[in-house]
Each structure stands twice: as structure tokens, then as C-alpha cells.
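Chains R and B are the protein sequences, given in the same order.
FYI, in the working numbering the residues of the first sequence are 1 to 295.
FYI, in the working numbering the residues of the second sequence are 1 to 380.
I should point out that these hints are in silico values taken from the structure, not numbers from a laboratory.
Backbone N, C-alpha and C fix where the C-beta goes; we use that ideal spot for every residue, glycine too.
Do not rely on the hints blindly, as some may be mistaken.
To be verified - Stretch-level coverage of chain R by chain B, calculated; a stretch enters the list once three of its residues show a Cβ under 8 Å from a Cβ in chain B: (1) 94–101; (2) 137–149; (3) 180–186.
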Amino acid sequence: MSIFVDENTKVIVQGLTGGQGRFHGLRNRDYGTKVVAGTSPSKAGTDVDGVPIYANMAEAVAATGATASFVVVPPAGACAAIMEAAQAGIEFIVCITEGIPAQDEALTYARLVQEFPGTRLLGPNCPGIISPGKCNIGITSGDIALAGGPVGIVSRSGTLTYQALYELSSQGIGQTTCVGIGGDPVPGTNFIDCLEAFQADPETKAIMMIGEIGGSEEERAAQYIADYVTKPVVSYVAGVTAPPGRKMGHAGAIISGSQGTAQAKMDALRAAGVTIALNPTEAGNAMIEVVKNLK
Amino acid sequence: MDLFEYQGKQYFAQFGISVSPGGVADTVDEAVAAAEKAGYPVVVKAQVKVGGRGKAGGIKLADNADEVRLHAGNILGMDIKGHVVRRLWVEHSSDIAKEYYASFTLDRPNKCHLGMLSKEGGVEIEVVAEENPDAIAKISIDPIVGLTLEAATEWVAAANLDEEARVQAAQLLVKLYTCYVEGDCDLAEINPLILTTEGQVHALDAKVTLDDNASYRHPEWADFAWGETEDVREQMAKEKGLNYIGLDGTVGIIANGAGLAMSTLDVVNQVGGSAANFLDIGGGASPDVMAAALEVINSDPKVKAIFVNIFGGITKVDDVANGILEALRRVTIAAPIVLRLDGTNAAEGRALLQPHLNDQLIAEPTMLDAARRAVALAGK
Numbered sequence: 001m002s003i004f005v006d007e008n009t010k011v012i013v014q015g016l017t018g019g020q021g022r023f024h025g026l027r028n029r030d031y032g033t034k035v036v037a038g039t040s041p042s043k044a045g046t047d048v049d050g051v052p053i054y055a056n057m058a059e060a061v062a063a064t065g066a067t068a069s070f071v072v073v074p075p076a077g078a079c080a081a082i083m084e085a086a087q088a089g090i091e092f093i094v095c096i097t098e099g100i101p102a103q104d105e106a107l108t109y110a111r112l113v114q115e116f117p118g119t120r121l122l123g124p125n126c127p128g129i130i131s132p133g134k135c136n137i138g139i140t141s142g143d144i145a146l147a148g149g150p151v152g153i154v155s156r157s158g159t160l161t162y163q164a165l166y167e168l169s170s171q172g173i174g175q176t177t178c179v180g181i182g183g184d185p186v187p188g189t190n191f192i193d194c195l196e197a198f199q200a201d202p203e204t205k206a207i208m209m210i211g212e213i214g215g216s217e218e219e220r221a222a223q224y225i226a227d228y229v230t231k232p233v234v235s236y237v238a239g240v241t242a243p244p245g246r247k248m249g250h251a252g253a254i255i256s257g258s259q260g261t262a263q264a265k266m267d268a269l270r271a272a273g274v275t276i277a278l279n280p281t282e283a284g285n286a287m288i289e290v291v292k293n294l295k
Numbered sequence: 001m002d003l004f005e006y007q008g009k010q011y012f013a014q015f016g017i018s019v020s021p022g023g024v025a026d027t028v029d030e031a032v033a034a035a036e037k038a039g040y041p042v043v044v045k046a047q048v049k050v051g052g053r054g055k056a057g058g059i060k061l062a063d064n065a066d067e068v069r070l071h072a073g074n075i076l077g078m079d080i081k082g083h084v085v086r087r088l089w090v091e092h093s094s095d096i097a098k099e100y101y102a103s104f105t106l107d108r109p110n111k112c113h114l115g116m117l118s119k120e121g122g123v124e125i126e127v128v129a130e131e132n133p134d135a136i137a138k139i140s141i142d143p144i145v146g147l148t149l150e151a152a153t154e155w156v157a158a159a160n161l162d163e164e165a166r167v168q169a170a171q172l173l174v175k176l177y178t179c180y181v182e183g184d185c186d187l188a189e190i191n192p193l194i195l196t197t198e199g200q201v202h203a204l205d206a207k208v209t210l211d212d213n214a215s216y217r218h219p220e221w222a223d224f225a226w227g228e229t230e231d232v233r234e235q236m237a238k239e240k241g242l243n244y245i246g247l248d249g250t251v252g253i254i255a256n257g258a259g260l261a262m263s264t265l266d267v268v269n270q271v272g273g274s275a276a277n278f279l280d281i282g283g284g285a286s287p288d289v290m291a292a293a294l295e296v297i298n299s300d301p302k303v304k305a306i307f308v309n310i311f312g313g314i315t316k317v318d319d320v321a322n323g324i325l326e327a328l329r330r331v332t333i334a335a336p337i338v339l340r341l342d343g344t345n346a347a348e349g350r351a352l353l354q355p356h357l358n359d360q361l362i363a364e365p366t367m368l369d370a371a372r373r374a375v376a377l378a379g380k
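Start from the sequences, fold in the hints, and give me the full structure.
Have a look at this one:
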């Protein structure tokens, strides 16, 4: 099984007519994802390589019955696109847009929780989700993922998500689902949401969690793991060598005072029984050991 | 982007928050002119983005022009924790009766806004939080509702501010919240927020961090660009639109994605090297961006080897390869470049570079191998 998406998930790409939207939307389709429509207010009635374009989400959902959307629009329009998808009844929204102002993210998150509690947002500023062999929504290169499980991956960093997939796939270890939650201050889906879903998924036997400096999400995840997760967890936290007070690329990745250091996060996770690795390769190797011992 | 105190006060003033009258000065003469305009007595304040200015002698009271000359002369050029003072803020001195603390920031775990208010201002809030946490009144603000005057009024009472300050403080806090939200601040902090002996409440200091992601809708922020970074490498990177942080090591780092860039620093460190910088070329990097990144790293004389670590997602590896070739055409890169390329269009990218590989342009199959090679080359 997979979490959040599966082989039947129908996806609308918001921004399919743009350069990035076309590239990644069609790549998702070519992977086997059911990309059923795109939206563009000015290009309704046309198509992108055979994928029909509708004027708005309401029309696209009515015509296709899609339950998921992929938001690939610039920062100034991304939050409006997310709200439009939620209003059209979309249950699962993946937003890869980087550079959305934090105030907009906080407001959009609050509106989703209040007005559309049944809608899950993944991102913004995330690589998306891939359930190998079934569904790929986002910018992850499908060929680095391996179907069949037994590992579930959740990561704050896009490129480290790919690195984790690569480390496992190259050793013949498959994944049930790989979720990139993104590095922004207000992620729609967090570590705990994914840990909960992986714990409940019978095909996921072990979990890899990739964190990074900043905030306290890893510490909260550690507490959740200690309380509720019985499956083995391997973790890597990036940014051990990051200097305090400097934003390391992601808006959320900053050590302020003694808060948010990689060391504090690793200590919390280790105390919760998580196997800690010091780099992505070590994390891959540790997971290989875990998988060997599953049988 | 962190603002200087004077910039923060100018920003506050745009939202109707009361600050002391004053002016900016880059020379002793300008300081005297600003003092005359503000009215004596004045406070001469060093403008540096670091705490502890007072203790370092960077804040002085002056009663007349001679004293302004003396203090301004001493403070300009002063080194405060590695920050050289190049600008002063000279403002009319306030008679302080009480010092409070007020701030707004994002409460990330709870995904709402957090207001903090304390009647124990003037010291670092971290110190108050540790020694007397009950002295801080916190308020969670739903972004949809915002901060109403009613809620602010309850809040100043909960913080136990002095009776005569409460009405003005509540009004000021609503304005500060507006500044925080509409002004796209990551942090809007006033410490101290004072009650004067005349019964006026106003901001005696300003600590503002702007959300860089919102700069597209704030053309006025261009005015705040003065003195933003003293590191010439960071200045150059910023002009080229790169996400760069200068460090002290010998291995130049270029990676795509913040997480991979951080991880690259970690791995270089683990195999015995030290990174010269953090550089995330971001998602969807074009050949131009890659070329610019190499040029910035090349300008750092400490760099003895360059580690390019790319795992393509939205970034296409063939674009990266073209960027490297473009950069090599444009400038002579002094240090050897070690490449690790995987992900979207990796095969195409590797094929493009294959004919150009030599002892100055080296490809390694994995991140760890590449880190080891780069560190070995830097150590020679």
C-alpha cells in the first residue's frame, strides 16, 4: 500500500501550460500517474500534449473527477491556486512553489484548517510525493525510486529526498511512498502526519526520516515516535556544521540561539529509539541493516 | 533581511508607531546636524546588526554639540563584535519611567502568530524567559482574525503593564501587528518599549527581520539595501541572485537545494575538510546561475578545490553541465572542480561533460567519493 496517493489517484496540474508545469506534469504522466487535466484561465479548451486544459479548478474537477492537484505556479499566485483547489473539492494538494511569503503561508494554512478540514496540503516548497510504480506528483525523478516497499521515506529537504531514494534503490531496497514535506516555516503536512500514516500502512515496515536544522518539528516527531511508532526508524538530520543565525537556504532552516540545532534534534530522536546516521549514505546503509533484520 | 535600528524605526513610523525624533549620520558633522534637529539632549547610537552595543560603548548620551562630536568621533569606526560602525542614529533622548518588551513572530509548531509582551524590558528576552518566564505574557493570534484592539487590551492587562501605559500600549501593539503582517516581517520586536516620565509610550529600539520571500511586493525595501553585507563574496553572490553564505574553509561548495547543500557541508567536514561557503543554486537553476556560482566561488582566494554536488529534481543536470562549460569558457577557474551529478537528465549532463574531463574537472560517482576527492585536492 501507499500513503496519501495510489495508482487510482487522478491529478490536475495547476500551471500545466507554463514551462515548469509542462515539464514536470508530463513527466509525472509519463511515469504512469493519472494526470487528467490542467488549468489555465487564458488557455481553456486547448491541450498540453493531449492533456485537456480547463479555465478553472471547478470545471476541471467536474469534468474529470480528480481528487488531487499539483500546484506549479509562481509565489504570487500559489496561495490563490491552493485555495481554488480546496474550494473545488480537491482532497490532496501538492505545492512545489518556492518563495511564498511566510505571512501568506500562515494565512492559507489557517484557512484550509478552518474551511476545508478534509483537504491535505503537501508543501509548499516541497518536491512532492512518489509512490513508486503507482503515482508521482511533483518534481522527483521517477527512475530513482524502486517499487515494492518496505521503506517509507519522509523528508524536509527536496534534494536529500532524492539522495535517500537513490541510496536505498541502488541497494535494491524499495519504497512504499516517499513524501517530501518541504523546508518552509508553515508546511501543510508535517513529519507527524507522515509517521502516523506510515505506522498505519501495513506494507511499510520501516521508516526513514530526513530532517534539517531549524524549528522544532524533529523534536516533536521524536516524541511522537516514542509514543506511537513501533516500526524501526532511521534518521539523518542535515546541518551539523551550519553556523548559528544564518538562514541555510530554506526559510525554515535557521539556528536561533540554542534552538533548532542538528545536535539537539539527533539527541531527541536517538532518545526515542531512532537509529541516527551522520550522512545520507550512512542512513542508507543503516536502513539496509534494518531491512535485513525484518525477515 | 535584518534591518538596522534606524531602518526598523523608519519602518515602524510608516505604520504609525511612535518613535523618537532623530536622524542618520555617517560623519561627525552629520551627527551634529542631526542632533541640532532632534533637540538636546540626544543619544548617539552605533548602527550595527549585533546586540550588546551599549556595553561596547556604542551608545552615548550627549547634551551639546561638543559632546556629540566627541562621541560620534569615537563610535564611528568602532569595532563591535566584528561589526565596524559606519553609520550613527542620533535621536532625542527620552526620560524613561518604565521599560517593556514587545514582539511578534511566527509560532512555527502551532502555525499561527505569536505575540510576546513583558513588563521586564530592556534586557534580552531569552534571559527573562529563563529567569522569570511568568513575566512574559504570550498570545496566539489566528492569522484569519488578526489582533483586535479588544484582544490587545486584555493582553496588556495580562502582562501587568502599568495602568497609565495600557491604553497607548494596546494601540501601539495593534499597529506593530499590522507592521508585522502587512510589512511582511519575520520578526518585529521592540526592546525596550518605554513609558516616559511624561506618560508617553513609544519604541526606543527596533529589531526587524523582513521576509525575503515577500520582497517582490515591497519595492520600497530597496531603500534598506545599505550596508546589508560586509562580506564581498556575499555581496557578489547577492548581485547574481545566489543563495550564498561565506564560511572559512578551503572547499568551495555548490549544491542544489538547501538540504543537500547543508549535507554537503556536513560530509566535507566528516571526511576531514572544511567548507569555504554554503551555496544553494536553488530549484530550476539555469546555465547562467551555475556559471555565476562558479564565478563567485572562484573569487574566494581561500578556495583550493570546488565540490559541485547536484541531485537533479526540478534542476536539470544537463543545464548544470552547460553552466559549468559556460563558466569555464567565461573565466579561468583556479581550483580543480569535483563533480557529483545525479537525478533529472543526469545521463545527458554527464555525456555533455565527458569530453571535457581532466585533472581540473573531475567526476566522481557518489557524494562521499566526491567529498573525499575534493578534500584531498584542497589539502595539497
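Holds or violated: the region 94–101 of chain R covered by chain B, criterion of 3 or more residues with Cβ-Cβ distance under 8 Å?
It holds: at least three residues are needed, and the region 94–101 of chain R offers 5 whose Cβ sits within less than 8 Å of chain B.
Within 8 Å of chain B (C-beta), three or more residues of the region 180–186 of chain R
Three-residue rule met by the region 180–186 of chain R, so holds; n is 3.
Taking 8 Å as the C-beta cutoff, is the stated coverage of the region 137–149 of chain R by chain B satisfied by three or more residues?
holds (count 4)
Checked against the numbered hints given earlier, the structure satisfies every one of them.
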